[in-house]
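Q: These are the residues of each chain, in order.
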Amino acid sequence: GAVVSQHPSRVICKSGTSVKIECRSLDFQATTMFWYRQFPKQSLMLMATSNEGSKATYEQGVEKDKFLINHASLTLSTLTVTSAHPEDSSFYICSASVPGVIGLEQFFGPGTRLTVL
Amino acid sequence: KQEVTQIPAALSVPEGENLVLNCSFTDSAIYNLQWFRQDPGKGLTSLLLIQSSQREQTSGRLNASLDKSSGRSTLYIAASQPGDSATYLCAVTGGGADGLTFGKGTHLIIQP
Numbered sequence: 006g007a008v009v010s011q012h013p014s015r016v017i018c019k020s021g022t023s024v025k026i027e028c029r030s031l032d033f034q035a036t037t038m039f040w041y042r043q044f045p046k047q048s049l050m051l052m053a054t055s056n057e058g059s060k061a062t063y064e065q066g067v068e069k070d071k072f073l074i075n076h077a078s079l080t081l082s083t084l085t086v087t088s089a090h091p092e093d094s095s096f097y098i099c100s101a102s103v104p105g106v107i108g109l110e111q112f113f114g115p116g117t118r119l120t121v122l
Numbered sequence: 005k006q007e008v009t010q011i012p013a014a015l016s017v018p019e020g021e022n023l024v025l026n027c028s029f030t031d032s033a034i035y036n037l038q039w040f041r042q043d044p045g046k047g048l049t050s051l052l053l054i055q056s057s058q059r060e061q062t063s064g065r066l067n068a069s070l071d072k073s074s075g076r077s078t079l080y081i082a083a084s085q086p087g088d089s090a091t092y093l094c095a096v097t098g099g100g101a102d103g104l105t106f107g108k109g110t111h112l113i114i115q116p
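Going down the list, the protein sequences come from chains B and C. Convert by adding 5 to the 1-based position in the first sequence; the result is the number in the numbering used here. Convert by adding 4 to the 1-based position in the second sequence; the result is the number in the numbering used here.
Note that these hints are calculated values from the structure, not bench results. Hints are supplied without guarantee of correctness; some may be wrong.
[Stated by the list, open to error] Pairs of lysine to aspartate or glutamate residues, derived as DMTMM-like cross-links and limited to a Cα-Cα distance of at most 25 Å, are as follows:
(1) K46(C) / D102(C)
(2) K46(C) / E110(B)
(3) K71(B) / E110(B)
(4) K108(C) / E57(B)
(5) K46(C) / E7(C)
(6) K71(B) / E19(C)
(7) K108(C) / E64(B)
(8) K108(C) / E7(C)
(9) K25(B) / D102(C)
(10) K46(C) / E92(B)
(11) K5(C) / E64(B)
[To be verified] Reference listing, derived: stretches of chain C covered by chain B, where coverage requires no fewer than 3 residues with Cβ under 8 Å from a Cβ of chain B:
(12) 71 to 85
(13) 107 to 113
[Stated by the list, open to error] Calculated Cβ distances over 10 Å to all of chain C for the following chain B residues:
(14) E64
(15) L73
(16) T80
(17) R118
Just so it is clear, CB atoms sit at the ideal spot from N, CA and C, and this is done for glycine as well.
Using the sequences and the accompanying hints, generate a full structural model.
A: If you want it as structure tokens, here you go:
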């Protein structure tokens, strides 16, 4: 159980375009999902916390108008990178906590590799 | 602001050895600590979770300990195998609704 999927796994786009990444909890409902970013040879950095039915909470330094997060249902959160630029090229990965699981362990999706040309 | 440090940054050992990976965190007010494994270009695999009230957790050849008051955790890998080669990440969270703060990881290579 506790499977999280992401789509697409890899995307290449031109500078200035927008890219949407989906994060789904397949076998549980997630009221809270998290979005992280990982640059090459760096660790994961929390970007934002996605709450179902309410606005996302962004970490300091993350532009909310550039990284649009929508958590419209208990199984789906989306991250849209608007007007992407080469510096946005990164590995984006989401996670979800499983309600009722002791310790609130987070389970991660397989990640999305974004390359902006 | 929570900071997580992992030592060593890289480690290469022969197959069969027992090894210890270290993790330290600056704010002891954590909710839980998780150890993950990340293979190159891949997502994260959760290995062990230790709640703040616990001292250790075990899964197979893996044992993780937590000393919350001193801000330290160790991951012990027994009888290492080439398949254990990966980057191991330590992460903590301050609350159930909070995201994780990650260390930079230990890149582990097990030589056949």
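Q: A separate judgement is required for each hint: does it hold in the structure or not?
A: Against the structure, the hints come out as follows:
no., hint, result
1, K46(C) / D102(C), "23 Å, holds"
2, K46(C) / E110(B), "19 Å, holds"
3, K71(B) / E110(B), "29 Å, violated"
4, K108(C) / E57(B), "30 Å, violated"
5, K46(C) / E7(C), "24 Å, holds"
6, K71(B) / E19(C), "46 Å, violated"
7, K108(C) / E64(B), "18 Å, holds"
8, K108(C) / E7(C), "10 Å, holds"
9, K25(B) / D102(C), "24 Å, holds"
10, K46(C) / E92(B), "20 Å, holds"
11, K5(C) / E64(B), "12 Å, holds"
12, 71 to 85, "violated (count 0)"
13, 107 to 113, "holds (count 3)"
14, E64, "8 Å, violated"
15, L73, "18 Å, holds"
16, T80, "18 Å, holds"
17, R118, "7 Å, violated"
When each numbered hint is compared with the structure, violations occur for hints 3, 4, 6, 12, 14 and 17.
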